[in-house]
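If you read the protein sequences in the order shown, they are chains A and B.
For the first sequence, our numbering begins at 1 and goes up steadily by one.
For the second sequence, our numbering begins at 1 and goes up steadily by one.
Hint data in this document are derived by calculation from the structure and do not stem from the laboratory.
Incorrect hints may have been included.
[To be verified] Quick list of the computed label-pair ranges, beta carbon to beta carbon:
id, chain 1, residue 1, chain 2, residue 2, range
1, A, I191, B, P51, 41 to 51 Å
2, A, A72, B, A155, 57 to 67 Å
3, A, S155, B, P56, 34 to 44 Å
4, B, P56, A, N129, 22 to 32 Å
5, B, P130, A, T215, 26 to 36 Å
6, A, D153, B, C272, 16 to 26 Å
7, B, M1, A, P75, 16 to 26 Å
8, B, A155, A, A25, 41 to 51 Å
The beta carbon of each residue, even a glycine, is placed where N, CA and C say it ideally should be.
If you want the building blocks of each chain, they are given just below.
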Amino acid sequence: MFTILRNEPLTAAVWRMTLAGDTGAITAPGQFVNLKLGGFFLRRPISVCDWDEHTLTIIYKVVGQGTAAMAAMRPGAVLDVLTGLGNGYDLRPAGARPLLIGGGVGVPPLYGLAKRLHDCRPVAVLGFNTADEVFGRREFETLGVQTIVCTADGSVGVQGFVTDALPEDASYFYACGPEPMLRAVWDKTDIDGQLSFESRMGCGFGACMGCSCQTKYGAKRICRDGPVLTKGEILW
Amino acid sequence: MVNLSVCLSGVPLKNPVIPASGTFGFGYEFAAWYDLNCLGAISCKGTTEQPRFGNPTPRIAECVGGMLNSVGLQNPGVEAVIQGELPRLRQVYHGPVIANVSGFSVEEYARTCQQLNDHADLLEVNISCPNVHEGGMSFGTSPEAAAAVTHAVKAVTTKPVYLKLTPNVTDITAIAKACADAGADGISLINTLLGMRIDTRRRRPILANQMGGLSGPAVFPVAVRMVWQVYEAVKLPIIGMGGVSTAADVVELMLAGATAVQVGAANLVEPCACRSIIDTLPAQLEALGVKDINELIGGAHHG
Chain A
1 MFTILRNEPL TAAVWRMTLA GDTGAITAPG QFVNLKLGGF FLRRPISVCD
51 WDEHTLTIIY KVVGQGTAAM AAMRPGAVLD VLTGLGNGYD LRPAGARPLL
101 IGGGVGVPPL YGLAKRLHDC RPVAVLGFNT ADEVFGRREF ETLGVQTIVC
151 TADGSVGVQG FVTDALPEDA SYFYACGPEP MLRAVWDKTD IDGQLSFESR
201 MGCGFGACMG CSCQTKYGAK RICRDGPVLT KGEILW
Chain B
1 MVNLSVCLSG VPLKNPVIPA SGTFGFGYEF AAWYDLNCLG AISCKGTTEQ
51 PRFGNPTPRI AECVGGMLNS VGLQNPGVEA VIQGELPRLR QVYHGPVIAN
101 VSGFSVEEYA RTCQQLNDHA DLLEVNISCP NVHEGGMSFG TSPEAAAAVT
151 HAVKAVTTKP VYLKLTPNVT DITAIAKACA DAGADGISLI NTLLGMRIDT
201 RRRRPILANQ MGGLSGPAVF PVAVRMVWQV YEAVKLPIIG MGGVSTAADV
251 VELMLAGATA VQVGAANLVE PCACRSIIDT LPAQLEALGV KDINELIGGA
301 HHG
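Full structure from sequences and hints, please.
Structure below.
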């Protein structure tokens, strides 16, 4: 069980929730948690933004009734949360200058990753639709990570998509965002990398086969064998 | 001490609680959540002769009191199940194994069941699949087709054969009787109810397959009704299922006529659902003054 410490909006639709509880099952950035909400049958899978021994931070976008209910929750409320789900990012191949490529609500897990990448100089490339939707820039910069923000409408930062702002001298990439963005990153990059996918899930822990996808190495479950897949195994 | 053990056609179960096919994989991954040996039995993921990826995604939609799925029988095929999945399950689980079999022709059902015969304690034959030789109509919606599958499987197997029925029929008792007359050892029911959800913003069905099977607490009263009807119609043991999520639900379905009870969608929300139900069952029975759980079977039928 987790207790909500804080629940606050970062933009008009994106919220950050900090919870207190046992995070011992979380082993890698890029994993996710699955929250049971009153009045909803299925749990809500949300990526882990950051964690320490006793606290968990998630950043979520209000997209439907479940996430709207989450945004209405107050500090002190207790939530049933399954933690440590999914494989998460593998930090070992990062190299000297890894890219952290995030789109919209795909940005949060890259923050937890940036915090745990040592002995390298990561560059964060964060894409949003418009200036009002930008979040996370300051947090990445506070970690000492060079941060490039792009907006589709050019209202702040580089005008265009993340693929218009990728530095040339990168060693590796880690990406999380909507599927068209992941596809564009996959197409555009010559370097190797890992991509984190979103999917409509049943259970979130590998039992129902609801979120299966085809890969070069056979069928994989986004929830259990992912959500992070390597660039080399993806079939579009 | 309350007696929880029941018996399905000669297969003893330490309790009547079984994770339902399609909600528990081949079991072994749930060993990370709890010791599977507390379970009465395990009904494995539906297996077909050939490997299947299943339907396109999205395959899951939510609704009040449950969910829809259109997974489409994803499984690695009977050969890989026998060589890989069942041995992995046997490493962590030593109780009865129910093989759940699907097919798209009578002959395919028979071949797959024959292959699994020596690797399972009981065969559960899912006849909700479309019959490719009869215009895609489900075997489970025609008494003749249900009987044909039953007959063909019984002819090539030695383990108890339970036919798993679809509730998407006008008269469930006609199907159950046809299976019984063709030599079935028992009946499993209910499979999911056909449903649909539409994304109102996109004006498109949520499921890529458009329609899917409804499961979860919303279907429990349908399960109770159909188990009740089949119990009255045939003299065969029944594995009841459909929206079971508590020990009280187990008691209710057994009173309707089930000898054992499967837990499905609840596993997807609470990975330890079956263990919790088993843990709370003795107190539930004691509160009802029940000393032997077998007293419950069909206990709501009087005259």
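Structure versus earlier hints, numbers of those that do not hold, lowest first: 1, 6 and 7
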